[in-house]
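Below are the chains, spelled out letter by letter.
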Amino acid sequence: MALVEIRKVNKSFQRDAQSIEVFQNLTLDFEAESFTALMGPSGSGKSTLLNLVAGLDRPTSGSITVGGANVSVMSSTQLAAWRARHIGFVFQSFNLLPVLTAYQNVELPLLLTGLSRKDRDERIRIALGVVGLDDRMHHYPRQLSGGQEQRTAIARAIVGDPTLILLDEPTGQLDAKSSQEVLALLRRLNDEFKKTIIIVTHDAHAAERAKSILHLEKGDLVEKAGSAA
Amino acid sequence: MKYLPLVLANLGRHKLRTVLTIASVALALFLFASLRTVVTTLAATAQFGGARRLVATNSTGIVFPLPIAYANRLKAVPGVQGVSWANWFGGRYGDGKRFFANFAVDPESYLAMYPEIVIPPDQKEAFLHDRGSALIGERLLTQFGWKLGQDVTLQGTIFPGDWTFTIRAVYHPTDPVIGDDVLIFHHEMFDERIGRAGIAGWFIVQIDNPDNAPAIAKSIDDLFRNSSAPTKTGTEREFQSSFATMWGNVSLLMGTIGLAVVFAILLVTANAMMMSARERTGEIAVLKTIGFSDRMLFALVMVEAGALALSGAAIGLGGAKALYQATKFNGLGFLPGFNVTSATLLLGAAVAVALMLASGLVPAMRAARLPVVEALRHVE
Numbered sequence: 001m002a003l004v005e006i007r008k009v010n011k012s013f014q015r016d017a018q019s020i021e022v023f024q025n026l027t028l029d030f031e032a033e034s035f036t037a038l039m040g041p042s043g044s045g046k047s048t049l050l051n052l053v054a055g056l057d058r059p060t061s062g063s064i065t066v067g068g069a070n071v072s073v074m075s076s077t078q079l080a081a082w083r084a085r086h087i088g089f090v091f092q093s094f095n096l097l098p099v100l101t102a103y104q105n106v107e108l109p110l111l112l113t114g115l116s117r118k119d120r121d122e123r124i125r126i127a128l129g130v131v132g133l134d135d136r137m138h139h140y141p142r143q144l145s146g147g148q149e150q151r152t153a154i155a156r157a158i159v160g161d162p163t164l165i166l167l168d169e170p171t172g173q174l175d176a177k178s179s180q181e182v183l184a185l186l187r188r189l190n191d192e193f194k195k196t197i198i199i200v201t202h203d204a205h206a207a208e209r210a211k212s213i214l215h216l217e218k219g220d221l222v223e224k225a226g227s228a229a
Numbered sequence: 230m231k232y233l234p235l236v237l238a239n240l241g242r243h244k245l246r247t248v249l250t251i252a253s254v255a256l257a258l259f260l261f262a263s264l265r266t267v268v269t270t271l272a273a274t275a276q277f278g279g280a281r282r283l284v285a286t287n288s289t290g291i292v293f294p295l296p297i298a299y300a301n302r303l304k305a306v307p308g309v310q311g312v313s314w315a316n317w318f319g320g321r322y323g324d325g326k327r328f329f330a331n332f333a334v335d336p337e338s339y340l341a342m343y344p345e346i347v348i349p350p351d352q353k354e355a356f357l358h359d360r361g362s363a364l365i366g367e368r369l370l371t372q373f374g375w376k377l378g379q380d381v382t383l384q385g386t387i388f389p390g391d392w393t394f395t396i397r398a399v400y401h402p403t404d405p406v407i408g409d410d411v412l413i414f415h416h417e418m419f420d421e422r423i424g425r426a427g428i429a430g431w432f433i434v435q436i437d438n439p440d441n442a443p444a445i446a447k448s449i450d451d452l453f454r455n456s457s458a459p460t461k462t463g464t465e466r467e468f469q470s471s472f473a474t475m476w477g478n479v480s481l482l483m484g485t486i487g488l489a490v491v492f493a494i495l496l497v498t499a500n501a502m503m504m505s506a507r508e509r510t511g512e513i514a515v516l517k518t519i520g521f522s523d524r525m526l527f528a529l530v531m532v533e534a535g536a537l538a539l540s541g542a543a544i545g546l547g548g549a550k551a552l553y554q555a556t557k558f559n560g561l562g563f564l565p566g567f568n569v570t571s572a573t574l575l576l577g578a579a580v581a582v583a584l585m586l587a588s589g590l591v592p593a594m595r596a597a598r599l600p601v602v603e604a605l606r607h608v609e
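Going line by line, the protein sequences match chains A and B.
Under my numbering, the residues of the first sequence are numbered 1 to 229, in order.
Under my numbering, the residues of the second sequence are numbered 230 to 609, in order.
If you're looking for bench data, these hints aren't it; they were derived computationally from the structure.
Each residue gets a CB set at the ideal place from its N, CA and C atoms; glycine is no exception.
Treat the hints with caution; some may be incorrect.
Take a look, some chain A residues computed to stay more than 12 Å from chain B by CB distance [to be verified]: (1) A2; (2) L3; (3) K8; (4) N10; (5) T27; (6) A32; (7) G68; (8) N70; (9) V73; (10) G132; (11) D134; (12) M137; (13) G146; (14) A176; (15) R188.
Residues from chain A that face chain B, not an exhaustive set, calculated with beta carbons under 10 Å [to be verified]: (16) L56; (17) L79; (18) A81; (19) S93; (20) V99.
The whole structure should be built from the sequences, with the hints applied where relevant.
In structure tokens:
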């Protein structure tokens, strides 16, 4: 059984009087421990798909099941709790809270758990160690480079040991060197820590680091390819 | 507690704005406490008065005197146990900028009627036996650095000239409404200096039974109804109330100003909170993505609003209480016993809570209801 099962999903947006169809009867699976890149032109529905899988948005019809949980029927409160436990989300523009240190940013998802301070501290140090930022943990985002900020965001995404890590254009604002570092880190998370990863990207080089690539065009899956990486 | 660093970090995001918001709330509640204390002090003053004391004044107005000869006729009214009299003097001391009340009284009868004025027995004796002496409130002693036995000179305003008195006694009032900054001197000396005019500003009449007050007051007024100086007699409380009402409807005025100030500050605080929440639309969306629930974000914004309002309240209300207590403020003697009461502090705290709810509710609800995908689109 796949970790993520998308079944006959329709998604439309209302813009003024016009209804814009993003997906029509989309059916798709993501296997556990897979590393998938979602590619496609702007407006093809990549980010919308990511939002639907993360439970940030709801399908107009159809169902999305992640790890056996049907996220399309959950209330907003249930979704928030579910996301806290099962989803790690990484944004293109890092979206760290500027008033918190790297350590405090990584701690945010753990505040929602019942972990003790000591256990939280242990997990934060491990997560920051995995992304190679244990020597920057008390730096504020403004004191970090773009690559370091994104690695902090990845640490925040993995600290709760989520079922699924979703990344929306994680290298979009990084230089080539930082991009490679982040992509290598993602690959390591998949290979070593067996994390299931879905990454949305425009960057073919980034997509090549994934184990499989999906192409979306106007809401349709047009091609499925394995990566040589 | 684990969310405290997040709340503090958000409050510290714009330190100047946070400080100014807290300062504005503090100032508003300081003013609120001050204005309300004026009202409560005036109300306490209006409530002052022994149940067995009546005051008779000239029916035309308190500025018009009564013949001192009325004293004997008053003593003869059934139910009257004692009579005393006093005259407002209105003298100034020093540069005249620091005002305190001073009046001439018939010392023996006056002090007998006011057990609230406590004087060491030896000093009382000294004051009673020296016609040129003065009895002063303990505050005057510290305010001007006066000493027992020292001569002090007042400049008469209603009754011109320099008036010198020897301080023979210092009193402590057991009821703060009496005030601890009054100078009292002998009416006999006063009468002598003004050429034996034989006038009294008002009479204080001690009666046997408080229940008889209306009947005795009527008897007194009837007694002088057809004289050249008819009286208006009432309880001491009514007499004090008439002073309070001389200020106009102070309670309404102060209350209105207080409400206007609090409302203005509410707008300032609400604006600051809304600005703060609006600036963080993207961050709120990120927190929702991480798993923070709508309820949690609502609570966090409310806690921020609460921290601002309650910090301001603590500074404003605590500051008012401490300042007036430390300076023994009494409004130049017009507001004796000026003290920010516990009721005022509680009311101020309630205002702060209301302020928190009113200023935090809109941004908190906005944060809770924020559609995360739409907000993220703006961020990304």
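Enumerated hints in conflict with the structure, sorted upward: none
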